[in-house]
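Visitor: Residue numbers (this note's numbering), protein chains in the order written: chain Y, 1 to 329; chain C, 1 to 329.
Read the hints as simulated data drawn from the structure, not as lab findings.
Mixed in with the good hints, there may be bad ones.
As the list makes no split between identical chains, a pair holds if one copy fits it or if it spans any two.
[Said to hold, decoys possible] Heads up, simulated EDC-like pairs for lysine to aspartate or glutamate below, C-alpha to C-alpha not over 16 Å straight-line: (1) Lys-76 to Asp-42; (2) Lys-159 to Glu-300; (3) Lys-146 to Glu-275; (4) Lys-27 to Asp-45; (5) Lys-27 to Glu-148; (6) Lys-189 to Glu-327; (7) Lys-260 to Glu-72.
Chain by chain, the residues run as shown.
2 protein chains.
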Amino acid sequence: MASSDHQQSPETTNLRLLLIHRYPRFKTLYLSKLRTRYRILDPLDKSDPSFIPLSNSVRVMLCVGPTPVTLETLDKYPALECVVGTSAGFDHFNLNECRRRGICVTTAGDSFSDDVADFAVGLLIDVVRRVSVADRFVRGGCWPVKGELRPLGSKVGGKRVGIVGLGSIGSRVGKRLEAFGCNIAYTSKRMKPNVSFPFHSNIHDLAISSDVLILCCSLTKETHCIVDKNVLNALGKEGIVINVGRGALVDEKELVQCLKRGEIGGAGLDVYENEPHVPEVLFGLDNVVLSPHVAVLTPESFEALEELFTYNLEAFFSNKPLRAQIEYE
Amino acid sequence: MASSDHQQSPETTNLRLLLIHRYPRFKTLYLSKLRTRYRILDPLDKSDPSFIPLSNSVRVMLCVGPTPVTLETLDKYPALECVVGTSAGFDHFNLNECRRRGICVTTAGDSFSDDVADFAVGLLIDVVRRVSVADRFVRGGCWPVKGELRPLGSKVGGKRVGIVGLGSIGSRVGKRLEAFGCNIAYTSKRMKPNVSFPFHSNIHDLAISSDVLILCCSLTKETHCIVDKNVLNALGKEGIVINVGRGALVDEKELVQCLKRGEIGGAGLDVYENEPHVPEVLFGLDNVVLSPHVAVLTPESFEALEELFTYNLEAFFSNKPLRAQIEYE
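Construct all of the structure, not just a fragment, from the sequences and the given hints.
Guide: What follows is the structure in structure tokens.
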């Protein structure tokens with residue numbers, strides 16, 4: 001197959017049209033496979049002479065990662081009927097506008113849920129038991145010199161863990177931490193049936209009775225800055241924040257101040273307000289563990305994701321039900 | 001109470017004798033409390049004029065951490081009847097000689113088991129999901145420059161985890177990792193009743209069918225260097241070793257060579273052959289996580305330990321049954 005998509009060989013002209021929507025920095029690992037089944041339209045490929053005419057008739061978009069799908073984006077593709085997403089979150093979609101235009105939208109569904117839950121627990125153990133600090137201590141040659149790593153970490157078991165958002169990720173976090181003897185409680189849009197963990201109707205009440213808050217919810221208007229100064233105060237001096245959701249779930253400036261001043265105990269952060277920018281003051285703190293939005297990233301997750309969006313693209317063209325479709329409220 | 005033990009006030013002369021046995025580097029956090037109940041004999045306190053006469057009649061020793069109790073040690077205290085240990089392991093005791101002399105020996109029992117199991121799982125997630133590497137990447141300011149952290153980690157769920165030693169620590173590791181969807185198998189001195197995990201009669205067979213080996217067993221003559229070159233080869237290029245037992249369970253030179261050459265996939269090490277010495281070549285490797293023998297160290301564990309040894313000292317003097325006593329075979 002030719003590497004440039006606009007060389008319309010007899011094979012490609014009969015293929016179904018697929019629009020690829022992505023930040024330039026996202027490599028589309030799946031393109032070569034997709035080219036065998038679809039005629040790819042790529043707005044980043046400026047040399048494709050048929051891009052503009054075809055963009056008027058393209059019906060389905062593969063949206064790579066959290067690339068924003070705005071009103072402006074939608075205006076460029078008037079025939080769009082379906083956005084197949086590849087991200088667990090959906091804050092990058094203008095859902096109101098998609099609904100108004102009758103465009104259905106899918107997400108990565110559960111493809112990443114186990115990995116994100118594993119990573120959340122990894123961050124929690126790391127912060128509580130000081131694993132990364134210990135690793136720095138040994139690599140820095142401090143052990144023979146200083147003798148002991150102090151202060152000690154604290155016990156994981158018995159910790160009161162408040163899960164914010166008991167969806168596919170949060171429920172998996174709960175299952176894992178129960179096995180460590182943690183006491184789980186949660187807040188969520190509504191109380192879940194068949195869940196024995198105590199429910200709190202708001203995050204402030206949850207924070208008051210938690211040693212650790214784990215943010216697993218989607219970023220929406222309602223959850224924007226849900227962890228504010230009040231919640232951090234409620235969590236208290238020994239409290240820990242783990243964020244594997246989205247950076248904007250937290251008032252980042254307040255969080256950084258609280259960490260710096262010891263007004264909360266620690267944090268494990270995989271996501272930030274302005275990625276890839278991370279507040280540099282955190283780099284010098286031993287009570288934080290920082291990772292570059294990698295909680296979802298394993299080859300196994302990508303395989304599950306590829307299977308899901310491949311299915312959804314085929315389903316779209318054969319009028320079958322989509323999987324992991326966002327239900328408009 | 002006076003800070004020097006040999007000032008024999010009327011109160012102290014009537015107290016029961018307790019020998020403290022420790023490396024000079026171990027601070028005895030518990031001494032001030034113990035002094036209210038016992039007349040402390042401390043061989044490191046050279047200024048105690050009654051040390052030598054009293055050492056002939058002392059009946060019980062509190063052994064702090066893994067301080068060796070050798071034949072030579074035992075010869076110094078001819079009246080010794082009981083060694084109250086504070087360590088989960090017992091490789092630092094000359095047990096044959098203790099048995100011959102009719103000296104009973106206790107350990108830390110289960111006091112540390114949850115913490116060690118938590119830390120083992122923390123090391124596993126860290127190595128598999130590259131948490132410490134991610135933290136170094138962010139702190140080093142690499143994210144905005146390099147864009148992506150590569151290679152990716154791999155999925156925790158589905159990993160075949162071989163537990164070496166399914167005692168109080170190993171069984172807790174198994175329970176935790178089941179909740180992540182790992183497939184657990186084990187080897188142990190003998191097959192455990194009422195355990196559903198598959199049993200392998202030797203570590204080599206376990207390694208062949210494992211992605212991760214977690215060393216949770218005691219160090220004995222039989223387990224010394226139980227992870228040798230053959231076992232590492234059986235584990236293979238993607239295999240991971242987690243050691244929260246004792247450094248000498250592993251042929252450290254071979255392990256370091258295998259890690260360096262990529263002949264195994266990675267390692268999470270809390271213990272080493274010659275602590276606090278850690279082979280420096282490991283400091284430059286991204287496939288290892290290193291911690292300074294801290295898996296047992298939380299304030300909660302120390303409280304549980306203090307309760308246990310305090311009980312055992314009282315039990316000794318009142319002829320009650322001891323807890324966590326080593327049973328001679």
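Visitor: With identical chains, the pair Lys-27 and Asp-45 could be close in the same copy or across copies; at 16 Å between alpha carbons, which is it: within, between, both, or neither?
Guide: Classified as within: same-chain Cα gap 13 Å, cross-chain 68 Å, threshold 16 Å.
Visitor: Classify it for me, Lys-76 with Asp-42: is the Cα-Cα distance of at most 16 Å met within a copy, between copies, both or neither?
Guide: within (13 Å within a copy, 83 Å between copies)
Visitor: Is the C-alpha distance from Lys-189 to Glu-327 at most 16 Å within one copy, between copies, in both cases, or in neither?
Guide: within (15 Å within a copy, 55 Å between copies)
Visitor: Checking Lys-159 and Glu-300: alpha-carbon separation at most 16 Å within a copy, between copies, both or neither?
Guide: Between copies only: 12 Å across chains, 31 Å inside a chain, cut-off 16 Å.
Visitor: Between the shortest in-copy and the shortest cross-copy C-alpha distance, which are at most 16 Å for Lys-260 and Glu-72: within, between, both, or neither?
Guide: neither (40 Å within a copy, 52 Å between copies)
Visitor: Which holds for Lys-146 with Glu-275 at a C-alpha limit of 16 Å: within a copy, between copies, both or neither?
Guide: For Lys-146 and Glu-275, only the inter-copy Cα distance (13 Å) is at most 16 Å; the intra-copy one is 36 Å.
Visitor: Using 16 Å as the alpha carbon limit, work out where Lys-27 and Glu-148 are close: within a copy, between copies, both or neither.
Guide: between (45 Å within a copy, 11 Å between copies)
When the structure is compared with the earlier hints, a violation turns up for hint 7 alone.
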